[in-house]
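Protein chains in written order, with the working numbering: chain A, 6 to 234; chain B, 6 to 234; chain C, 6 to 234; chain D, 6 to 234; chain E, 6 to 234; chain F, 6 to 234.
It is possible that part of the hints are untrue.
[As the list claims (entries may be wrong)] In silico SDA-like pairs for lysine to any residue, Cα to Cα no more than 25 Å straight-line: (1) A/Lys150 <-> B/Lys150; (2) B/Lys220 <-> A/Ala113; (3) C/Lys150 <-> A/Val213; (4) B/Lys150 <-> C/Lys150; (5) D/Lys150 <-> B/Met221; (6) C/Lys48 <-> B/Lys220; (7) F/Lys231 <-> E/Gln10; (8) C/Lys227 <-> C/Gly203.
[Unchecked claim] If the Cβ cut is set under 8 Å, some of the chain F residues that face chain E in the computed set are: (9) Pro49; (10) Asp177; (11) Gly179; (12) Val181; (13) Ala185; (14) Val189; (15) Glu202; (16) Ala210; (17) Ala211.
These are computed hints drawn from the structure, not numbers from a lab. C-beta: ideal position from N, C-alpha, C; glycine also.
Protein chains: 6
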Amino acid sequence: MNMYQMGIVKRNITRADRVAADHLGPYGASTVHEAMGRVGLMKPYMRPIYSGARISGTAVTVLLHPGDNWMMHVVAEQIQPGDIVVAALTADCTDGFFGDLLATSFMARGARGLIIDAGCRDVKDLTEMGFPVWSKAISSKGTIKATIGSVNIPVICAGALVNPGDVVVADDDGVVVVPAALAVATAHAAGEREANEGEKRARLAAGVLGLDMYKMREPLDKAGLKYID
Amino acid sequence: MNMYQMGIVKRNITRADRVAADHLGPYGASTVHEAMGRVGLMKPYMRPIYSGARISGTAVTVLLHPGDNWMMHVVAEQIQPGDIVVAALTADCTDGFFGDLLATSFMARGARGLIIDAGCRDVKDLTEMGFPVWSKAISSKGTIKATIGSVNIPVICAGALVNPGDVVVADDDGVVVVPAALAVATAHAAGEREANEGEKRARLAAGVLGLDMYKMREPLDKAGLKYID
Amino acid sequence: MNMYQMGIVKRNITRADRVAADHLGPYGASTVHEAMGRVGLMKPYMRPIYSGARISGTAVTVLLHPGDNWMMHVVAEQIQPGDIVVAALTADCTDGFFGDLLATSFMARGARGLIIDAGCRDVKDLTEMGFPVWSKAISSKGTIKATIGSVNIPVICAGALVNPGDVVVADDDGVVVVPAALAVATAHAAGEREANEGEKRARLAAGVLGLDMYKMREPLDKAGLKYID
Amino acid sequence: MNMYQMGIVKRNITRADRVAADHLGPYGASTVHEAMGRVGLMKPYMRPIYSGARISGTAVTVLLHPGDNWMMHVVAEQIQPGDIVVAALTADCTDGFFGDLLATSFMARGARGLIIDAGCRDVKDLTEMGFPVWSKAISSKGTIKATIGSVNIPVICAGALVNPGDVVVADDDGVVVVPAALAVATAHAAGEREANEGEKRARLAAGVLGLDMYKMREPLDKAGLKYID
Amino acid sequence: MNMYQMGIVKRNITRADRVAADHLGPYGASTVHEAMGRVGLMKPYMRPIYSGARISGTAVTVLLHPGDNWMMHVVAEQIQPGDIVVAALTADCTDGFFGDLLATSFMARGARGLIIDAGCRDVKDLTEMGFPVWSKAISSKGTIKATIGSVNIPVICAGALVNPGDVVVADDDGVVVVPAALAVATAHAAGEREANEGEKRARLAAGVLGLDMYKMREPLDKAGLKYID
Amino acid sequence: MNMYQMGIVKRNITRADRVAADHLGPYGASTVHEAMGRVGLMKPYMRPIYSGARISGTAVTVLLHPGDNWMMHVVAEQIQPGDIVVAALTADCTDGFFGDLLATSFMARGARGLIIDAGCRDVKDLTEMGFPVWSKAISSKGTIKATIGSVNIPVICAGALVNPGDVVVADDDGVVVVPAALAVATAHAAGEREANEGEKRARLAAGVLGLDMYKMREPLDKAGLKYID
């Protein structure tokens, strides 16, 4: 099974460690992205339809054709509680593939959110329902149901490779993908990163400069930085 | 009178049926767009300056030149209660053609909102006043008053044809134009659409899949969809 | 010292008149831009990370290289209470150069906000801290600390020239730069502008048309405007 | 028949005056746009796939859905010698709707070129065949044949309204639409415009300044222009 | 080895079948993309720096950081005759990573071209040398050599996954990636596709309509298409 | 005199050293940009209207308002042989401010080309005349002559500061600005840079790797680069 196969629905996928997947969310996209070694990030054009949401979960993936959301109903059946649906497109499109009815269905299946490299609609309803979506556009433009794509194959969504079962972390800063095999280690690294931040924050708040806290003065001087009056 | 005439203000226009125009609003842009047969939508770059507003009304149109908002004062006089001003440009421009003073005047005339294929400013004031604007940009850039355009001629705004008197429906999802002659039929169709949605929503919320509710399994199978483990 | 010098930190800069700098803020970006004669505005792609903030202050500037935020720590030391940091880039980049730790440090130094022609992250934290940022993008993408730029040289940020010590005014409408030498005069002009607006607003709210209030009917007629029925 | 009807092919359309349509081409898009009163222009993102072509002809129109070029075969049958096909989309799309096989068919029917608000492919072949296309993108992305649109209804293509039978003028500068009813008058106006240009060009080439030739010095002075040393 | 590892150079990669890789080129990107089942295409923003080139070859990949072309020298050593270098970025950047000196080196190693999801420079020289490049931008902006990336790991370039050894086909229409395992089958499918095109072209040139040649009239009628006069 | 003054024409400007200005051209934009220390570059959206031109000259500047090219006639009078006109805008605009008549006048005055942060038209004519233009867009959209700007004040064009008299170097790679005071030193540095390139090119063509020629192996190893099989 590869990312070039159309018309395939894979039912059994190996999801990332549930505990790690759940733990990654609260760290947020930026910390997880750093913990990964500054990789795995989707393009910054992916924006939440409302601010303040922060989720993590395991990816079920769907590959859609422009203007056609038929496979969104197919992927719904593959959702398990704790999943996040990641929808990729075979070509650029801003149509509104997803609205309140599909969201009702996704929520009933236990989905925590949707990441879609296309458009979303019914934003007012989705906001009231508390179902978070990260999308490339908001558009009323409706779609048809005519062409089949695939579910749970590897996809490229907003510039990031997503394998079914990978962990997705999304918040106001963007969307990060953590390969299933790296979920536990990344959760650990994110935790360590954050543990250090509290003390740093306190020192910075007290007026200590990063220049001193991180011992940057010497390397800056070596790099040739000159102070003038 | 056509869309190529400059320097014309048409005073008497035939507005769409008021009842239909008022009824279309609560359905929202996405439902109305579907009820129209998935046409009539402005480009998705048109965004509300604040979220949550949902309006409908009859269009009074104005054609502006880049960097010149003189005609905004001319169109103000043609506003009747229940109207929405639709402002088109002769060339791309993101300047801030509209601010709190014009909004005060528009509100005094009974306008419900502004749709402008250019920039808007005084966003903080407009938000506090509760005067909704859908625009292509937000910009402090001021404009001059030097060149005449036209009022109440047919215009193309964000990719959609708007005739004076047409119904405009706008919310967080975008902006839809309903030709005056189709307003009543579209309100009817939108009503029917929404009537069906309540039951669908309940079933989906109960866990019924769209695959079953819409009887998609057989057509998907015919289209060649394969399930694998 | 010019905008082509790399590796320079200028410690002593002449800041604009503090009273004028503080007075300009409440007028907002649009009024100040008008008071300047409709110049000094940054490109409208600069957007606040949260709505409602309105600040003014004196600029300390920093020139960064794409993907490298080392100089952000250097500029922190040059901040004085009442300053706004203006960060320019040597080439287009949307990486997240700034987050909650740097914000903690900037706040401790007395900074009122950040204007950055690149990306920002930790939006949720920055919003809770109430530290306003105007940026070109929001992105989790981390940066490195490898190459030196400059601090307090003239920079071009989002299309506007900013000299260290200039006044910056930013709100939901955008970001305006007022050269230090023009700060007092601009504050005066903005004040006069606003003084006139109250009466105008009242008359427009009472239904008086701009056409009459501004005596536009005759010039419009001379320009060839025709009314038809 | 209006622009909201799907599934319609109008066979008998009234084409603009053939002589006027043919005469407009050599003037080029910019002169014709001026002769029209600076209206009728498509957005500047419409670019020729190769430089140097300059055509005019009568429009046959087609409305396509994203990712679906089925109607391109339907419109082929409606082409008459001297026509230019104008293809509009119901939503933004950059797929390659048109290649060398369709071009062979269009040429056999007498088409002079294609204007498409989407993508084109087989650029190398089309260039060798000498079949000019103005498009929004170049893309290998193939399309399907599943959904019907309409032929010879009014369409909005790249921001311009095109009625079947209108004259289209296209060259390296862009694409202009001349309503059929204005074709003769526009050809006349374009001719007069160009007649004046020869003498102007000679004088400017001889070093006469536009300032003097157009007698601009006095109005510039009145507008407040100051010369300093 | 995965796409998240930094600082790795893989020396031994398995290249696609050489005969298939060489045969795919002449079919061109559009035919190969169709032969693949309409997948594998890079985003259409990837454009050749000069028109008319058409190449195919096996991919050696390199992952670069914004503004840093150090790894371009590392990848040069891994080039074998018949290879095409595919350069991906960890974040959006338009800097000019590649110019005539690197091209001289790449040509000496036997490279057929470069695909880079960033900027290119020395366009005039590269054109004269006949070294084709497909890029996202053209820019004089220079880069530094400070941070290591990786060579011959899987990368995402302009929205497409490229594994080292895959076949790349590029021409005026864009860039297509054929996984190594599919190269032979795709070459076969492309050949069959093209074999059919000659006869089709002849019939279309003779005036036969696609409507008849592809027997579309009945399905169009079933889909509801109506002809009116 | 500063960049905020409207309605000013400065007649006497100090042009950069003529010999240096003329010598910089043949090095091209990329080499000059490097010789400057990788600064001074306009945004890469500035593209030549035809390929192959490479010019250098001294800048006369003009600040235009969107949609208004009146000042282009004013700047024409200030052109001296060897100058390049640099046109900046007060707000984003893609209108066609410049065509063959103005080009005839500019050529008669001795201008070597135009750099304009807006649109250009009559591309076919300009190409035949051999008058090179670097612009942001190509558009038939005409302009009016109603508002005054300024001539020979400092301007920001496509993100770069240009003072009247500065040297401009433009070719297929883009546009670089060299401050007048740095012209001689930059010409010298560019010459030295190019002198080294011939030998480097010969060695690279002979198969020597940049890795060895630039002695990169040790620093790459220190940076942690690992080779695997």
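Against the structure, test the hints numbered earlier, and report the numbers of the ones violated in rising order.
Hints 1, 4, 6, 8, 13, 14 are the ones this structure does not satisfy, whereas the remaining hints hold.
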